[in-house]
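There are 2 protein chains.
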Amino acid sequence: MTSLDSPPQAVPGDTGAAGKQIPPAAVARLTIYLRALNSLLAEGIERVSSESLAEASGVSSSTLRKDLSHVGSYGTRGVGYEVQYLSRHIAAALGLTHDWKVAIVGAGNLGKALARYGGFESRGFDVVAIFDADQMVVGNEVGWLRVSDVADLETVLERTGANMVVLALPAAVAQSVCDRVVAAGVHSILSFAPVMLQVPEDVNLRKVDMATELQILAYHAQRAQTPGQPN
Amino acid sequence: MTSLDSPPQAVPGDTGAAGKQIPPAAVARLTIYLRALNSLLAEGIERVSSESLAEASGVSSSTLRKDLSHVGSYGTRGVGYEVQYLSRHIAAALGLTHDWKVAIVGAGNLGKALARYGGFESRGFDVVAIFDADQMVVGNEVGWLRVSDVADLETVLERTGANMVVLALPAAVAQSVCDRVVAAGVHSILSFAPVMLQVPEDVNLRKVDMATELQILAYHAQRAQTPGQPN
DNA sequence: AGCTGTGAAAGAATTCACAGCA
DNA sequence: TGCTGTGAATTCTTTCACAGCT
Numbered sequence: 002m003t004s005l006d007s008p009p010q011a012v013p014g015d016t017g018a019a020g021k022q023i024p025p026a027a028v029a030r031l032t033i034y035l036r037a038l039n040s041l042l043a044e045g046i047e048r049v050s051s052e053s054l055a056e057a058s059g060v061s062s063s064t065l066r067k068d069l070s071h072v073g074s075y076g077t078r079g080v081g082y083e084v085q086y087l088s089r090h091i092a093a094a095l096g097l098t099h100d101w102k103v104a105i106v107g108a109g110n111l112g113k114a115l116a117r118y119g120g121f122e123s124r125g126f127d128v129v130a131i132f133d134a135d136q137m138v139v140g141n142e143v144g145w146l147r148v149s150d151v152a153d154l155e156t157v158l159e160r161t162g163a164n165m166v167v168l169a170l171p172a173a174v175a176q177s178v179c180d181r182v183v184a185a186g187v188h189s190i191l192s193f194a195p196v197m198l199q200v201p202e203d204v205n206l207r208k209v210d211m212a213t214e215l216q217i218l219a220y221h222a223q224r225a226q227t228p229g230q231p232n
Numbered sequence: 002m003t004s005l006d007s008p009p010q011a012v013p014g015d016t017g018a019a020g021k022q023i024p025p026a027a028v029a030r031l032t033i034y035l036r037a038l039n040s041l042l043a044e045g046i047e048r049v050s051s052e053s054l055a056e057a058s059g060v061s062s063s064t065l066r067k068d069l070s071h072v073g074s075y076g077t078r079g080v081g082y083e084v085q086y087l088s089r090h091i092a093a094a095l096g097l098t099h100d101w102k103v104a105i106v107g108a109g110n111l112g113k114a115l116a117r118y119g120g121f122e123s124r125g126f127d128v129v130a131i132f133d134a135d136q137m138v139v140g141n142e143v144g145w146l147r148v149s150d151v152a153d154l155e156t157v158l159e160r161t162g163a164n165m166v167v168l169a170l171p172a173a174v175a176q177s178v179c180d181r182v183v184a185a186g187v188h189s190i191l192s193f194a195p196v197m198l199q200v201p202e203d204v205n206l207r208k209v210d211m212a213t214e215l216q217i218l219a220y221h222a223q224r225a226q227t228p229g230q231p232n
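Note that the protein sequences, when read in sequence, are chains A and B. Offset between the first sequence (1-based) and this note's numbering: plus 1. Offset between the second sequence (1-based) and this note's numbering: plus 1.
Careful: at least some of the hints might be erroneous.
All copies of an identical chain are treated as equivalent in the list; a pair is satisfied when it fits inside any one copy or across any two copies.
Claimed, not checked - Subject to a maximum C-alpha distance of 25 Å in a straight line, what follows is the list of computed SDA-like cross-link-like pairs (lysine to any residue): (1) Lys208 to Ala27; (2) Lys208 to Gly119; (3) Lys102 to Ala184; (4) Lys21 to Thr227; (5) Lys208 to Glu52; (6) Lys67 to Pro24; (7) Lys21 to Arg224; (8) Lys102 to Gly119; (9) Lys208 to Asn110; (10) Lys208 to Ser63; (11) Lys208 to Gly125; (12) Lys21 to Gly73; (13) Lys208 to Ala29; (14) Lys102 to Glu214; (15) Lys67 to Ala26; (16) Lys21 to Gln223; (17) Lys67 to Ala212; (18) Lys208 to Pro171; (19) Lys21 to His221; (20) Lys21 to His99; (21) Lys208 to Arg117; (22) Lys67 to His221; (23) Lys21 to Ala222; (24) Lys208 to Ala222; (25) Lys67 to Glu214; (26) Lys102 to Val204; (27) Lys102 to Ser88.
In case anyone wonders, no lab produced these hints; they're calculated from the structure. Every value quoted in this text rests on a predicted model; they were computed, and no experiment measured them.
From just these sequences and the hints, can you work out the full model?
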């Protein structure tokens, strides 16, 4: 499995079996295992089996083992995984070894909620700036930060060295701000704006959409209610 | 395609080709088409081709056509789709014909942001209650609502007829509140708490996790940075 | 004996390519 | 002619089942 589409020579400065790309579905779950591992760690548990880590993460044990196999072989047959060791290797595979600097654009309710959300710092994400267009809001304190004027977006992104941006702003202005962020050289964007944003290929855009999530729930709820299909 | 695992008799009170279950991946995208259609509608555009609706939604046209085929045949060959007509049928397929009543548990930054988020009402979701455990917060105004005491969860859920719950609370209390919500008869839950929640089979739980999203971005950003794999 | 790691099988989702209708 | 709707081909994901270490 080590080499399928690349020559059968060992990878030089290799940390484990990495280097090969991990399937998207697996990447998404690895973040969940990581969280589960860290909470085991907090409880002082040192070893875990694929079976119980899978249960704690809400997946099947075969899915978990297959996912981990993309990262490397960090378990011991007959025994299980060492929690801290595995956690470190997953973090490395996900690129969480150094901190990422996150700027939030939009200091409305959502932007503020995100800026104050403790979950980021603890997971290797530093919120380094928050912007708003409203002059009434610019200069206000949010968490440890002061709200910058979105007019200074480029300058502040550069100065703070932000390499990720979270868009927490109205749909109407999302595309234009997004364009500026991209032009400023940021390649990783997480958008909460309920619109399809257009970005160049080399920019990674992810979307979180609360209305969509509720609509998906609605679909399933409706299905459950309908009398038909007794199967 | 009409009937594969059910007898070949026509569905009785059928609105279109519905009745059959729609694949999860398609359901998620249908909500996006619906949004795109509604924004076309707002612009006064009456007809659209699969090609341009797909572009506006960020998917390929074949994916779009396949997805729509699960809902029914509402296009005209050689012409395209009538925007309003298609929008109605997708909404019907998703169960968005009647309003859903949403209660939010947790009136922290995130809970407040959600309660005030305009996007819900306009999409058929009514926020009917918001809860918090903190007595300093109970009674406060948030949007059009007053914060209820989470101690009264069961009573208020019943009184307001809430059939969906959004959990916007700390990981530590998420499971116990979730259990109470389930016991109160709610089958659709959207959680923002960064933990794996355990729910019975017949309850639909979806998760939104901002830290996970950033971690996925980090993975891709790291890959893009590494010099290796010239392919 | 027990649990991981992984090929091989099964199942979903996506893309292709074209028949069928306006 | 042009665009939808859909079988067939392809690719991606999950599950199975067991060989391989400890």
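Going through the hints against the structure:
no.: 1; hint: Lys208 to Ala27; verdict: both (18 Å within a copy, 17 Å between copies)
no.: 2; hint: Lys208 to Gly119; verdict: both (20 Å within a copy, 18 Å between copies)
no.: 3; hint: Lys102 to Ala184; verdict: within (17 Å within a copy, 41 Å between copies)
no.: 4; hint: Lys21 to Thr227; verdict: between (46 Å within a copy, 12 Å between copies)
no.: 5; hint: Lys208 to Glu52; verdict: between (31 Å within a copy, 22 Å between copies)
no.: 6; hint: Lys67 to Pro24; verdict: both (11 Å within a copy, 24 Å between copies)
no.: 7; hint: Lys21 to Arg224; verdict: between (41 Å within a copy, 10 Å between copies)
no.: 8; hint: Lys102 to Gly119; verdict: within (15 Å within a copy, 29 Å between copies)
no.: 9; hint: Lys208 to Asn110; verdict: both (18 Å within a copy, 20 Å between copies)
no.: 10; hint: Lys208 to Ser63; verdict: between (29 Å within a copy, 22 Å between copies)
no.: 11; hint: Lys208 to Gly125; verdict: both (20 Å within a copy, 21 Å between copies)
no.: 12; hint: Lys21 to Gly73; verdict: within (10 Å within a copy, 41 Å between copies)
no.: 13; hint: Lys208 to Ala29; verdict: both (14 Å within a copy, 12 Å between copies)
no.: 14; hint: Lys102 to Glu214; verdict: between (27 Å within a copy, 14 Å between copies)
no.: 15; hint: Lys67 to Ala26; verdict: both (11 Å within a copy, 22 Å between copies)
no.: 16; hint: Lys21 to Gln223; verdict: between (42 Å within a copy, 13 Å between copies)
no.: 17; hint: Lys67 to Ala212; verdict: between (32 Å within a copy, 23 Å between copies)
no.: 18; hint: Lys208 to Pro171; verdict: both (14 Å within a copy, 23 Å between copies)
no.: 19; hint: Lys21 to His221; verdict: between (37 Å within a copy, 12 Å between copies)
no.: 20; hint: Lys21 to His99; verdict: within (20 Å within a copy, 48 Å between copies)
no.: 21; hint: Lys208 to Arg117; verdict: both (20 Å within a copy, 20 Å between copies)
no.: 22; hint: Lys67 to His221; verdict: between (29 Å within a copy, 20 Å between copies)
no.: 23; hint: Lys21 to Ala222; verdict: between (40 Å within a copy, 15 Å between copies)
no.: 24; hint: Lys208 to Ala222; verdict: both (24 Å within a copy, 16 Å between copies)
no.: 25; hint: Lys67 to Glu214; verdict: between (28 Å within a copy, 21 Å between copies)
no.: 26; hint: Lys102 to Val204; verdict: within (16 Å within a copy, 37 Å between copies)
no.: 27; hint: Lys102 to Ser88; verdict: within (22 Å within a copy, 40 Å between copies)
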